[in-house]
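Undergrad: Sequence:
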Amino acid sequence: MSFDPNSVSARELAARIRHGEVSAVEVIGQTLERVARVNPQVNAIVQDCSADALAEAEALDARIASGKPV
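Going by the working numbering, the first residue of the sequence shown is number 18, and it counts up by one from there.
These aren't lab readings, by the way, just hints derived from the structure by calculation. For glycine and all other residues, C-beta sits at the position ideal for the given N, C-alpha and C. Please note that the accuracy of each hint is not assured.
[To be verified] So the derived label-pair ranges between C-beta atoms look like this:
no., residue 1, residue 2, range
1, V59, G84, 38 to 46 angstroms
2, H36, V59, 27 to 35 angstroms
3, P86, V63, 33 to 41 angstroms
4, P57, V87, 30 to 38 angstroms
Construct the complete structure from the given sequences, taking the supplied hints into account.
TA: Laid out in structure tokens, this is it:
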């Protein structure tokens, strides 16, 4: 991924995903890496939902690939 998803607004990130500039799976993957790196210090996330997040991202990428509206 050529940019940090945390450096853009949620609206811009959604547009980049919709237009195929980046996949939802890439964004979630990078986000989960950041959580793994930072959460031990801040303890903000207490329940791991990473599998669900990846499944949702895969479903979104498939929907976009099939041309369905998102």
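Undergrad: Next step is simple, just say for each hint if it's right about the structure.
TA: Hints, verified against the model:
1. Distance hint check for V59 and G84: the Cβ-Cβ separation is about 40 angstroms, which falls inside the suggested range of 38 to 46 angstroms.
2. Between H36 and V59 the CB atoms are about 32 angstroms apart, so this pair conforms to the stated range of 27 to 35 angstroms.
3. The beta-carbon spacing between P86 and V63, approximately 35 angstroms, falls within the hinted interval of 33 to 41 angstroms.
4. Distance hint for P57 and V87: a CB-CB separation of about 34 angstroms, consistent with the stated range 30 to 38 angstroms.
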